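Number of protein chains: 2
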Amino acid sequence: MTRKAAIIGGGVIGGGWAARFLLNGWNVSVFDPDPEAARKIGEVLTNARAALPALSDIPMCAEGVLSFADTITEAVEGAEYIQESVSERLELKHRVFAQIQQSHPDTLIGSSTSGFMPSQLQEGAANPAMIFVAHPFNPVYLLPLAEVVPSPASDPSAIERAKEILREIGMFPLHVRKEIDAHIADRFLEAVWREALWLVRDGVATTEEIDEAIRMGFGLRWGQMGLFETYRVAGGEAGMKHFMEQFGPCLQWPWTKLTDVPEFTEELVDLIAGQSDAQSGVYTIRELERIRDSNLVGFLRSLKDRNWGAGKVLREHDARRRVVLPDPAPAGAPMIMAHMQVLPSWIDYNGHMTESRYLFAASETSDAFLRFIGADMDYVATGFSYYTAETHIIHKGEAKLGDRLTGSLQLLSADEKRMHIFMRIQKDGVDMATIEQMLLHVDMKAGRAVAAPKVILERVLPIAASHADLPRDAAVGRFTGQRK
Amino acid sequence: MTRKAAIIGGGVIGGGWAARFLLNGWNVSVFDPDPEAARKIGEVLTNARAALPALSDIPMCAEGVLSFADTITEAVEGAEYIQESVSERLELKHRVFAQIQQSHPDTLIGSSTSGFMPSQLQEGAANPAMIFVAHPFNPVYLLPLAEVVPSPASDPSAIERAKEILREIGMFPLHVRKEIDAHIADRFLEAVWREALWLVRDGVATTEEIDEAIRMGFGLRWGQMGLFETYRVAGGEAGMKHFMEQFGPCLQWPWTKLTDVPEFTEELVDLIAGQSDAQSGVYTIRELERIRDSNLVGFLRSLKDRNWGAGKVLREHDARRRVVLPDPAPAGAPMIMAHMQVLPSWIDYNGHMTESRYLFAASETSDAFLRFIGADMDYVATGFSYYTAETHIIHKGEAKLGDRLTGSLQLLSADEKRMHIFMRIQKDGVDMATIEQMLLHVDMKAGRAVAAPKVILERVLPIAASHADLPRDAAVGRFTGQRK
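Heads up: the protein sequence lines correspond to chains P and R, in order. At position 22 of the first sequence (counting the first as 1) the number is 222 in my numbering, and the numbers step up by one without a gap. At position 317 of the second sequence (counting the first as 1) the number is 517 in my numbering, and the numbers step up by one without a gap.
Treat the hints loosely; a few may be bogus.
Claimed, not checked - With a Cα cut of at most 20 angstroms, we get these calculated SDA-like pairs of lysine to any residue:
(1) Lys512(P) - Gln301(P)
(2) Lys441(R) - Gly481(P)
(3) Lys600(P) - Met644(R)
(4) Lys600(R) - Val400(P)
(5) Lys378(R) - Val400(P)
(6) Lys512(P) - Asp493(R)
(7) Lys512(R) - Arg367(R)
(8) Lys240(P) - Gly436(R)
(9) Lys240(R) - Thr484(R)
(10) Lys600(R) - Tyr587(P)
(11) Lys645(P) - Met644(R)
(12) Lys512(R) - Thr484(R)
Unchecked claim - Distance windows between CB atoms, simulated:
(13) Lys645(R) - Val469(P): 30 to 38 angstroms
(14) Pro671(R) - Arg672(P): 30 to 38 angstroms
(15) Tyr587(P) - Lys645(R): 50 to 58 angstroms
(16) Tyr483(P) - Met577(R): 16 to 24 angstroms
(17) Arg521(P) - Arg239(R): 25 to 33 angstroms
To be verified - A few chain R residues that face chain P, going by a derived Cβ cut-off under 10 angstroms, partial list only:
(18) Ser256
(19) Met260
(20) Cys261
(21) Glu263
(22) Phe428
(23) Gly474
(24) Arg648
No lab work stands behind these hints, which were simulated from the structure alone. These figures come from a predicted structure and were not determined experimentally. Just so you know, even glycine gets a beta-carbon here, dropped at the ideal spot from N, CA and C.
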């Protein structure tokens, strides 16, 4: 049965939560008295639909159903998880929790608050044990971090359940061991923000120069290693202790104004707003959002390639959702070996899937087939592999961003050394391209074709026999430019 | 003539500078009395050689010559630029500058200092006007940022010359308008470091949890937009002023301990070093360096794809170094249309260039040819383009990471609607793959092949005529699996 989440408060943060749940197959009911709520959430959802699937290497599940409730009680009815993202006013949050717990005292309630500690949120609640902080980061549908902060009054098993749900929607729940003002990350943001205001106020740097100082240097480091691991590397072989001893004394240097709060005058606001307009005003906020999301997708995908940091979270999320493919029906029918989605990096300047990506899609298909017959990574590690000797591609249609493709394979013939295969890359059952290939079984060290071992041939030859009588496409055996 | 840079002080930072200059074709002379200097710089250079070329989309120029000098005077002889990266001791830096300026008072001297202001560096110098801060970020060979800080005594034209040199080696010189302790970026690092020490000391978070709080969330944002642009987006359509008004009051909140400096005890050092070991000790520092560099290459390449932030710097650096190709000799010889280098993302699990990348290399070649005949991006914008209808690839060799490849094109035949082309992807003049293609001139809106316009045919048909008598490879007209 489809699971349900309730979202109380539908701004940018609430909308981001809604998008994450929906795109992970949950039904979502939103309560927000703002008459603009549906439009605002719709805009966040549009962004999320364009970005989140680009992180997935397996087909996305069917999107859940979004609905808007007239009351909090209606929104939380049947919900397994409730996320509160209303304004940062404690008495308002208390009213929301009281309303929820009147009818649903035992449902998980995460709060997006950055300003309040869980023990403050729990004050006067019917069931404080179910209320905790689940603090996300914008854009919620892309950034994995959720700071999960319990208080001593929280139910530990409820917290574990909440963390598991957050993992199920692809997030990284960071369990904060002690409640503290601003949790962890926002304490850093606060420190940097304060220093930045001084620099602008004192005319040392503009907003643009400060942004460049961050994104041309340490910002790139922090996105993949954070603070301590970066410094560990900087310390070199001598280690962290050495680094500390070098860098520790600097703390005594008089180079910070953090001890003061800059006076928050209208002039300062105007100065910063004006500089920001000069820096970024050429883009609308929507454009900046799309640029940001595209950049984040790029970062996250490169971390995913490397199975590192936030990319590790993406891989684990894929693994959770990986559906075991039904048996690819080796007997007497082409085998569907791959399900793919056209990713942003597959697109050329025409907006179409670039030609080399059709061959890439075919490689995904033949790789899955090679794994199926036992010529997998472990086999390659023994020094043998199937290499592609020759390829013939016929382009028949144009795939576009987000299209779902399947790759099917027909084994035209096989002997000890060779496999002659024919693949179709299809969208909605229609050929986008056909790819005919000759694969050779190779001794990689000797650099020549050799007979495949019995254990593989015992998988291959029966498939070849069962495919022998399948109809052959007109493309088979055709040379480039030949008339049909 | 090859230009020369002198590097005074050859640690991780000096080595990074040396690598940047060398890989951009400069000769480099290093002075460092440390007997280990050559080994240490060699290690940085090995890392740089593995990473920096992966950011370039044009062939790297020939590496400069690295030498080690016995004296400062010998090192700076004939140097156009001098970078000082000795220990952070002011009297030592003063001695170095005095030594340099005894013989070379008019050469640019950048200092890597994070701790001293330029006016401090200039104290007592023979020619203070030539001394300035050029503060880089580790790894210097990958991160573009260099904070360039003059003092009022600096020579403005010297500063402009220094910035131009930094751009020439692919960096982003950030001109800091007012000298200030720690320049700009390190003030932020200092603020975060201070807060982090408190969190660890008070048992709120471990080093690992703090790193996760950064790299799963705001670290990813900062690597591409920095602080203010990120908040501008968060402020939404209401703009930066609205954001400031929302977030400003938080500054009064009591959630920072930045006003105090944590006592720097041995216990605190041990606590942090121990947590860091638990977090990252499974990797050696060399491994962490390679992981970091690979991640940074991934981030930088995705920003380069998007022409954004640090990626824009990479594109501009490519554009500076782009050599105008010699005329591709259309008359009577295959045309060399593309020079490429095998990038990390082109490699498969066997360590070889993945098969779809041979087709990608062919696309680079045919795209350059299409631009050559006038079917460029502007032409595509008018609604017409050449589409690939059919492709035949024969794999003949294996390219590996870093290999330099050329793509040549022979126009087998052409008529109003079709071009039949044959491409060779070669390494050192030897075929790695041959690619035969049929291209159709398409009206993209109508979705059908139409005659190309006269302006293009006038370019195409003479080339076809001049290629008509060229020998044809045995692969032409061959179908998949056909015996030669």
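Can you list which hints this structure breaks, lowest number first?
1, 4, 11, 12, 13, 15, 17, 18, 19, 20, 21, 24
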